[in-house]
Every structure is written in structure tokens, then in C-alpha cells.
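These protein sequence lines are chains X and D, in that order. Positions 1 to 179 (my numbering) are the ones given, in order, by the first sequence. Positions 180 to 358 (my numbering) are the ones given, in order, by the second sequence.
Hint data in this document are derived by calculation from the structure and do not stem from the laboratory. Ideal placement from N, C-alpha and C gives every residue a C-beta, glycine not left out. Wrong hints could be hidden among the right ones.
[Unchecked claim] Just some of the chain D residues that point at chain X, by a computed CB distance under 8 angstroms: (1) 190; (2) 240; (3) 282; (4) 295.
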Amino acid sequence: MEIDNSKEWHWFKGGLVVSLLSIGTYVVFQAIEHRSYPFGVTSGFAYISALFGSMFNDLAETTAVKNYLSKAYLEFFILVGLVIGGFTASKISGTREPEGIPATWKKYHGDNIYKRLFIVLVGGILLGVGAGIAAGCTTGNILQGWAHLSLGSIVAGASFFLTAVIAAHILFYKVWRTK
Amino acid sequence: MILKIIIGLIIGFIFGYALQRTGITKYPRVMGMLLLKDFKVLKFMLTAVILSMIGFHLLGELSVIKINPKPLDWGKLVGGLMFGAGMGLLGYCPGTMMARIGEGKKEALLAAFGMVAGLFIFILFNDFFKSTFMAAPIDGNLFAVLAVNQWIVIVPAVVLFSGLIYLINKNFSDNKKIF
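Based on the provided sequences and hints, a complete structural model is requested.
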């Protein structure tokens, strides 16, 4: 897939907007929620998992479920906002290209949709378990954690890149070998 | 309650909008970075990190906010490696996943399901994960651990990241076709 960079924001503009959002969110959170770790996406997902968990008697009273349910309410709506934001941006800029699985994937791995969906499901589960254990995803551990120079986030963020680069090179070894 | 919903939606909307417009949601862009050939996503991330690093610590110095660094434990490494593998398989992270759903990329729905399932596993075996990986955390405050003034770390970090952006910007074009 050809990428038309002229249709996209400059990376500096994107970085500036996100850094202002990240700082603004932190200030707002400490003012109204009286807690830290504000700008994260993982807790929103964990809120859904905890809602599901609260339906089981054995899990409903555990600290993990109670914790996420009491805290991550606002973060759940960040997820909803992300979907609306992605939709609006792609509509306004005329870059909305709905597709099942990525065209780039098809080009190198063929049209077998189940192969890709299997990878997606495994990848999604790894993201979930990993983000739970590492206490945050790319947003929480890199965009915020690196900015805070948190020791934990520096290790987590570096680990993200290490295995992500390895996985990508295994999946696209043809691309990697050609140039 | 309604205030929290609105704030969550606004944060998510701006984040999703910026991610989509900057091209961070694009599969070839993220895979291009992980294959070490297209660095727009990295430049965007480092820009956001540099700017918010300065912003956060200035506001911290002025006592507007209190920075609460994430502690270091084995979970950051183990969870980080798992998360990275998932990110490499998927070609996006949890935040961009939601923006991609808004863009009409249908497979991201399955990835989101996997993420929720993964976090459910984390909640289900929370005691095991907590006692195995997250026990005995080290204070995440880098400046306290090194016992130096924070700006002695921040200034070199900003210089290092800026230098990295300068170098990759000089050597890699954002317009290059990779796949």
C-alpha cells in the first residue's frame, strides 16, 4: 500500500497535540479524580473485563475486579471516544478505507482470512495479558511513563519494542531480507 | 457521573483524531517501524515524549501536579515482552486499535475482543501474577534512585531523543514505499 504523506499531519504536529492532551489529561485527573496514571487505554479494556468478571460469584469480590470497576469508569469512555475520533478524522479527511484484514498482509500472506484472524486473536490476548502484567500499554508506559521517566515504564517500553521488532521480522521476513 | 463520561469522550476523541490524522493507525506505518524502515511513528512518539517530559516536570516543579512514577518489578519485563509480541503480530497497540475500529478496519474488533479476554485472564489469575511478577517492586522514581536533581537526567534525555529524531529524519523518508 502506497502511503500518501501529504494527506497526513506532520509527525511534529501529531506529537505536539498528543503531548498537550497527555499533560492536560493528567492535570484534569488529579483535580477531579485525585489519582495518577490517568492517560491510559488499558484500564478502559480492563473495565470491560472486570464487568464480565463481576458476573461470577468467585470473582466479583476480588480486589482486582473491585479496583478496576471503581476506578476505570472514565477510561472506558476514552475507548468510546477513540472510536468516534478515528471515525470522524477519517471521514473529514476522506481517508476512510474500510477493510477486513490489512491489504499489506494479503500481499505477503495471501487471502486466507482465517490465518490472519488467528494471529489477530493471539496478538490481542497477548496484548491484554501483557498490558495487565506490565501495568499499562504503549500509551501509559511510553507516552506517559517515558515522559515521567518512570523506571518501570522505561523497562516496559523497551521490552515492547524488543519482541515487537522480532515478531514483525518473523512475519515479514521477505520484506526484511529484500532491502 | 455525566462529567466523567464527557471528559472521557473528549480525551478519547482528541487522541483518536490525532492518531488517525498523523497516520499512526496505518498498518504499513507501524509494521514499517517494526521492520526498521519507516520511522514516522517513532518520530511522533518521541516528539510527544520529549514535549510532555518537559511539560510534566515543569508543572511538577511548580507543584501544579505530583508525578507518580510507575514502580519497577519483574512484571514490567515479562508483561512488556508479551505485550510487544502481541503488538508485532497485530501491527497496532490498544489505542490505535480503537481508532482503527472507527476507521472501519473490521479485524480490530477481534483484536479488541482478544484484549478484553487477555485482561480477563489477568484478573482471573491476578493472585498468581501479582505474587510471581509484581511482588517486591523497586521505587520507580529514577531521580530518587540515582539521587540527582531531575534536570540532570531530563536535559540529556531530551538531547538524546532529539538527536535520534534528527538522525532518523535525515536518513529515512516518510514518503517511501516499503511494502
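Hints and how they fare:
1. 190: 5 angstroms, holds
2. 240: Hint violated; residue 240 of chain D Cβ to chain X Cβ min 14 angstroms, cut 8 angstroms.
3. 282: Holds, because the Cβ-Cβ distance from residue 282 of chain D to chain X comes to roughly 5 angstroms (cut-off 8 angstroms).
4. 295: 5 angstroms, holds
In terms of the numbered hints stated before, the structure departs from hint 2 and from no other.
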